[in-house]
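Trainee: The numbering of the sequence shown is the working numbering, which starts it at 1 and goes up by one.
Watch out, some of these pointers could steer you wrong.
Claimed, not checked - Simulated crosslink set (BS3-like; lysine-lysine; CA at most 27 Å straight-line):
no., residue 1, residue 2
1, Lys37, Lys13
2, Lys52, Lys65
3, Lys52, Lys37
4, Lys52, Lys21
5, Lys11, Lys21
6, Lys52, Lys11
What the hints contain is simulated information worked out from the structure, not anything from laboratory work.
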Amino acid sequence: MTTFTVNVPGKVKNKLARLIKEPGGEIIHISETDNQKEVLLNGIEESLDQVKLIREGKSPHLSLKEALGD
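Turn these sequences into a full structure, and let the hints steer you where they fit.
Mentor: This is the structure:
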């Protein structure tokens, strides 16, 4: 079996997936970079907001051990 990594426009994603699956191919992973970037940036923003609240004494802080649930 051969593995390809390609970048395709979102509008052809479904057509390409059907083309791959029809002869017995398998889609291993689909990622949409714009969406991933937005999720990452939102997570960073939320984390920085939490740090600000902790520094202002408006939110309790957790040790790494507590945060990981150990």
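Trainee: Which hint numbers does the structure go against, in order from smallest to largest?
Mentor: 4 and 6
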